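Chemist: Throughout the sequence shown, residue numbering follows this note's numbering, covering 1 to 210 in sequence.
If you're looking for bench data, these hints aren't it; they were derived computationally from the structure.
The structure displayed is predicted, hence computed values, not measured ones.
Mixed in with the good hints, there may be bad ones.
Heads up, simulated EDC-like pairs for lysine to aspartate or glutamate below, C-alpha to C-alpha not over 20 Å straight-line [stated by the list, open to error]:
{"no.": "1", "residue 1": "128", "residue 2": "189"}
{"no.": "2", "residue 1": "128", "residue 2": "143"}
{"no.": "3", "residue 1": "183", "residue 2": "122"}
{"no.": "4", "residue 1": "180", "residue 2": "170"}
{"no.": "5", "residue 1": "180", "residue 2": "137"}
{"no.": "6", "residue 1": "183", "residue 2": "143"}
{"no.": "7", "residue 1": "128", "residue 2": "170"}
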Amino acid sequence: AILILVVVMVLGQFGVQTTSIIAAIGAIGLAIGLALQGTLQNIAAGIMLLALRPFRIGEYVEVGVISGTIEEIGLFATTLRTVEGVYVLAPNSTLWNQPVRNFTRNGVRRADITLTIGSWNDIDLAQKTMLGVAATERRVRREPAPIAFVATIGDSNVAITLRYWTSAADFFATQIDLTKRAKQAFDSEGISIPAPPPEPPRQEASATRQ
């Protein structure tokens, strides 16, 4: 910048009109500044992410519409892998300027599984059955203790929810396994799940036109 200023001053001493040169230099500088604005923001955000560590490699996070496991934190962008195995490259400024939900940092997570039963079933038995399933699952934490409760009541059905705490690493696997085991336990206890309502009969095509 100093060299450019000296050159302009020397040209001015030789009678060269420097107004247009200064204007051109200013326009070029502005264009370069605007072009680098996003890059500089990403670098600054990358430094803040590395310093404050709202997430680390291997942690599962959700930032806006982006969610996945952190694979790499770079100076310009961060790499994530979604639960579907999709590779995501997110600019650091995007991650820094939005609230970060870190599902791994605390080590434990609360989870729910919900099964819908017919309203004619014994609700207390259904809740007791779900708690029994949780009691035999080693990945379910004893504190806070699991609870089972009525989530919703419909015209002919009742939704029973089992709420429990487990390690963040076991979150998805535990949900899958407990849902299956709870359904099997309901079957053993004779607790039935309402059948879907029958489809309305299809109307026959109108009579053939005369």
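Chemist: Of the numbered hints stated previously, which ones are contradicted by the structure, given in increasing order?
Modeler: 6 and 7
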